[in-house]
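*Asks:* Chains as they are written, first to last, in my numbering: chain A, 1 to 120; chain B, 1 to 120; chain C, 1 to 120; chain D, 1 to 120.
Derived from the structure by calculation, the hints contain no laboratory data. Some clues are possibly wrong.
27 Å max Cα-Cα, derived DSS-like pairs, lysine-lysine [said to hold, decoys possible]:
#: 1; chain 1: C; residue 1: Lys96; chain 2: D; residue 2: Lys100
#: 2; chain 1: D; residue 1: Lys8; chain 2: C; residue 2: Lys87
#: 3; chain 1: D; residue 1: Lys45; chain 2: A; residue 2: Lys38
#: 4; chain 1: B; residue 1: Lys93; chain 2: B; residue 2: Lys82
#: 5; chain 1: C; residue 1: Lys82; chain 2: B; residue 2: Lys53
#: 6; chain 1: C; residue 1: Lys118; chain 2: D; residue 2: Lys118
#: 7; chain 1: A; residue 1: Lys53; chain 2: B; residue 2: Lys38
#: 8; chain 1: C; residue 1: Lys42; chain 2: A; residue 2: Lys82
#: 9; chain 1: C; residue 1: Lys82; chain 2: C; residue 2: Lys8
#: 10; chain 1: D; residue 1: Lys42; chain 2: A; residue 2: Lys38
#: 11; chain 1: D; residue 1: Lys93; chain 2: C; residue 2: Lys53
#: 12; chain 1: B; residue 1: Lys38; chain 2: D; residue 2: Lys82
#: 13; chain 1: C; residue 1: Lys118; chain 2: D; residue 2: Lys96
#: 14; chain 1: D; residue 1: Lys87; chain 2: D; residue 2: Lys100
#: 15; chain 1: A; residue 1: Lys87; chain 2: B; residue 2: Lys8
#: 16; chain 1: C; residue 1: Lys96; chain 2: B; residue 2: Lys45
#: 17; chain 1: C; residue 1: Lys8; chain 2: D; residue 2: Lys38
#: 18; chain 1: D; residue 1: Lys38; chain 2: C; residue 2: Lys87
#: 19; chain 1: D; residue 1: Lys42; chain 2: C; residue 2: Lys8
#: 20; chain 1: B; residue 1: Lys45; chain 2: D; residue 2: Lys38
#: 21; chain 1: D; residue 1: Lys38; chain 2: D; residue 2: Lys8
#: 22; chain 1: C; residue 1: Lys96; chain 2: D; residue 2: Lys8
#: 23; chain 1: A; residue 1: Lys93; chain 2: B; residue 2: Lys100
#: 24; chain 1: C; residue 1: Lys53; chain 2: C; residue 2: Lys82
#: 25; chain 1: B; residue 1: Lys45; chain 2: A; residue 2: Lys118
#: 26; chain 1: A; residue 1: Lys53; chain 2: B; residue 2: Lys100
#: 27; chain 1: B; residue 1: Lys87; chain 2: C; residue 2: Lys96
#: 28; chain 1: D; residue 1: Lys93; chain 2: C; residue 2: Lys118
#: 29; chain 1: A; residue 1: Lys100; chain 2: B; residue 2: Lys38
#: 30; chain 1: C; residue 1: Lys96; chain 2: D; residue 2: Lys93
There are 4 protein chains.
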Amino acid sequence: MSLEEYFKCLSDRERAIFEGAISMGALFHQFIGTPVNKETLKSLKVAIEDSIKLQPSIEDVEVEINLEDEEGGLGYVSLEGKMLNVKIISQVKDVKAIIKMEYVDELNYPLIYVEDVKEG
Amino acid sequence: MSLEEYFKCLSDRERAIFEGAISMGALFHQFIGTPVNKETLKSLKVAIEDSIKLQPSIEDVEVEINLEDEEGGLGYVSLEGKMLNVKIISQVKDVKAIIKMEYVDELNYPLIYVEDVKEG
Amino acid sequence: MSLEEYFKCLSDRERAIFEGAISMGALFHQFIGTPVNKETLKSLKVAIEDSIKLQPSIEDVEVEINLEDEEGGLGYVSLEGKMLNVKIISQVKDVKAIIKMEYVDELNYPLIYVEDVKEG
Amino acid sequence: MSLEEYFKCLSDRERAIFEGAISMGALFHQFIGTPVNKETLKSLKVAIEDSIKLQPSIEDVEVEINLEDEEGGLGYVSLEGKMLNVKIISQVKDVKAIIKMEYVDELNYPLIYVEDVKEG
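Just chain A, same shape as in the assembly (with noise of 0.2 Å):
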């Protein structure tokens, strides 16, 4: 069975928004726990990005690590859900979806959704 034949009940936009979907919970999954201070911030943040672009359809990933009120008594902190901003852009053929992870704070929730999905 060929990889496309696992995915031929999806529309090419269907598709962009599976994969986009499959990485952002790999990547809140993956890495919320890791110790981080702001020295290392920016080791993770790359580290983060470097590894979820390796996924299928997984166009650009960026992310963002907000350690402003955050202080660990022993100069660190675990990462939290609070913490990230999240953009992960999918693409399969002419569609590229745009996938934000962002905290909300009235649903005290790392909201994951889809901003836009762009055609063509």
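Knowing the structure of chain A, use the given hints to seat chains B, C and D on it.
*Replies:* Below, chains B, C and D without anything else, positioned relative to chain A:
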């Protein structure tokens, strides 16, 4: 901004696909690495299913952990992608998406794909 | 090389402390981020205890997950260090080490420490 | 209660062993599962080293990721224990513990052990 507004660029079908995909990415990256053997396989399966069912729009989760060929010298192994078969059913209004994760030997890869999307 | 040779520079007491500490680090970083609410708290607790008990020299694991102050807008939260109280008992021959993880408010930190080591 | 009081039942030697062991368990269970290939190996290595060095009493961390025999059909693999060689040096006052993680083929297991403890 209401939760629904975040998803206004998606049809119900697309949102079902989106939410199922997030949860599949989450499941893999949260639980890979967990120590497991034949005695603890059942409690791990139940915990994975229970936790992933909490995620938005997830209707059902079925996890199979296959340890047949696995033998660690210390009596257990770390959970790997090749041991997992997962089915997630996500539902948004009248649309159900059936998402699967299955190890594909030729690809040496735990493939996540959409088996079917049922409407109405 | 036999397994014992890898540990020849440690006393039984040191090895009990060593193995308990590995398992506590493992527990935190494996399960932080898991979706949980009051309905699924029990199955998550059991799976954490069962899996960590598999690790070398681990005699007992007790996990308390405290969700009292937690409320996610979507009906669940991601497991965080401040929700966890853990006791691990590791044993090497006649020595038992009692390792704890406890959230220390002043430190804003889930501290892992040795409560006691019992010999003979 | 001061931080030191939590560790009053440990000698400096024992505490160095204890802190190094926590960090080794943390490292394995945080990063196993991360997508990686030869292009991203370097940034992942740096992020692992940087984040684990933040943990209490950790003096140095050296991570080797060995992908020689690995080939995923989609151009990358998930990080597994058998790909990792790690050395952590923990220090408490005059005592340095050298902790290693190494895949032991006969055990089919990523063994964590103490290579040496140097005092004074």
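*Asks:* A separate judgement is required for each hint: does it hold in the structure or not?
*Replies:* Now the hints, each set against the structure:
For a cut-off of 27 Å, the pair hint linking lysine 96/C to lysine 100/D stands: about 23 Å separates their Cα positions. A distance of roughly 18 Å separates the Cα atoms of lysine 8/D and lysine 87/C; the hinted pair therefore holds under the 27 Å criterion. Of the pairs offered as hints, the one joining lysine 45/D and lysine 38/A holds, with about 18 Å between alpha carbons and a cut-off of 27 Å not exceeded. Between the alpha carbons of lysine 93/B and lysine 82/B the distance comes to roughly 33 Å, so the proposed pair goes past 27 Å and is violated.
The hinted pair formed by lysine 82/C and lysine 53/B meets the criterion: a straight-line CA distance of about 23 Å does not exceed 27 Å. Pair hint lysine 118/C plus lysine 118/D holds up; C-alpha atoms about 25 Å apart against a cutoff of 27 Å. For the proposed pair lysine 53/A and lysine 38/B, the alpha carbon gap of about 35 Å is over 27 Å, so the pair is violated. Distance check on the hinted pair: lysine 42/C and lysine 82/A sit about 26 Å apart at the alpha-carbon level, within 27 Å; holds.
Using a Cα cut-off of 27 Å, the hinted pair lysine 82/C and lysine 8/C is violated, with the two alpha carbons roughly 37 Å apart. Between lysine 42/D and lysine 38/A the alpha-carbon distance is near 20 Å, which keeps this suggested pair within the 27 Å criterion. A C-alpha spacing of about 32 Å is found between lysine 93/D and lysine 53/C, which places the hinted pair above 27 Å, so the restraint is violated. Between the alpha carbons of lysine 38/B and lysine 82/D the distance comes to roughly 21 Å, so the proposed pair stays at or under 27 Å and holds.
A C-alpha spacing of about 25 Å is found between lysine 118/C and lysine 96/D, which places the hinted pair at or below 27 Å, so the restraint holds. A threshold of 27 Å between alpha carbons decides the hint, and for lysine 87/D with lysine 100/D the separation of about 5 Å falls inside it, so the pair holds. Restraint check: the Cα-Cα separation between lysine 87/A and lysine 8/B comes to about 18 Å, which is no more than 27 Å; the hinted pair holds. Proximity of lysine 96/C to lysine 45/B is assessed by CA-CA distance (about 31 Å); at most 27 Å being required, the pair is judged violated.
Between lysine 8/C and lysine 38/D, the direct Cα distance comes to roughly 36 Å. Violation of the 27 Å bound is thereby established for this hinted pair. Note on lysine 38/D and lysine 87/C: the hinted pairing is violated, with a Cα-Cα distance of about 40 Å set against a maximum of 27 Å. Under the criterion of a C-alpha separation no larger than 27 Å, the hint pairing lysine 42/D with lysine 8/C is inconsistent with the structure, at around 34 Å. A hinted pair counts as satisfied when its Cα atoms are at most 27 Å apart, and lysine 45/B with lysine 38/D does not qualify at roughly 33 Å.
With a C-alpha separation of about 45 Å, the suggested pairing of lysine 38/D with lysine 8/D is violated against the 27 Å cut-off. This hinted pair checks out: lysine 96/C and lysine 8/D have alpha carbons roughly 17 Å apart, not beyond 27 Å. Only pairs whose Cα atoms come within 27 Å are accepted, and lysine 93/A paired with lysine 100/B is accepted, the gap being roughly 23 Å. With a CA separation close to 22 Å, the supplied pair lysine 53/C and lysine 82/C stays within the 27 Å bound.
Of the pairs offered as hints, the one joining lysine 45/B and lysine 118/A is violated, with about 38 Å between alpha carbons and a cut-off of 27 Å exceeded. Taken as a hint, the lysine 53/A and lysine 100/B pair is honoured in the structure, with Cα atoms around 22 Å apart against an allowance of 27 Å. As the CA atoms of lysine 87/B and lysine 96/C are separated by approximately 42 Å, the hinted pair breaks the 27 Å bound. For the proposed pair lysine 93/D and lysine 118/C, the alpha carbon gap of about 25 Å is at most 27 Å, so the pair holds.
In summary, the hint linking lysine 100/A to lysine 38/B is not supported, as the alpha carbons are separated by about 39 Å, beyond the 27 Å threshold. Of the pairs offered as hints, the one joining lysine 96/C and lysine 93/D holds, with about 25 Å between alpha carbons and a cut-off of 27 Å not exceeded.
Hints 4, 7, 9, 11, 16, 17, 18, 19, 20, 21, 25, 27, 29 from the earlier list are contradicted by this structure; the remaining hints agree with it.
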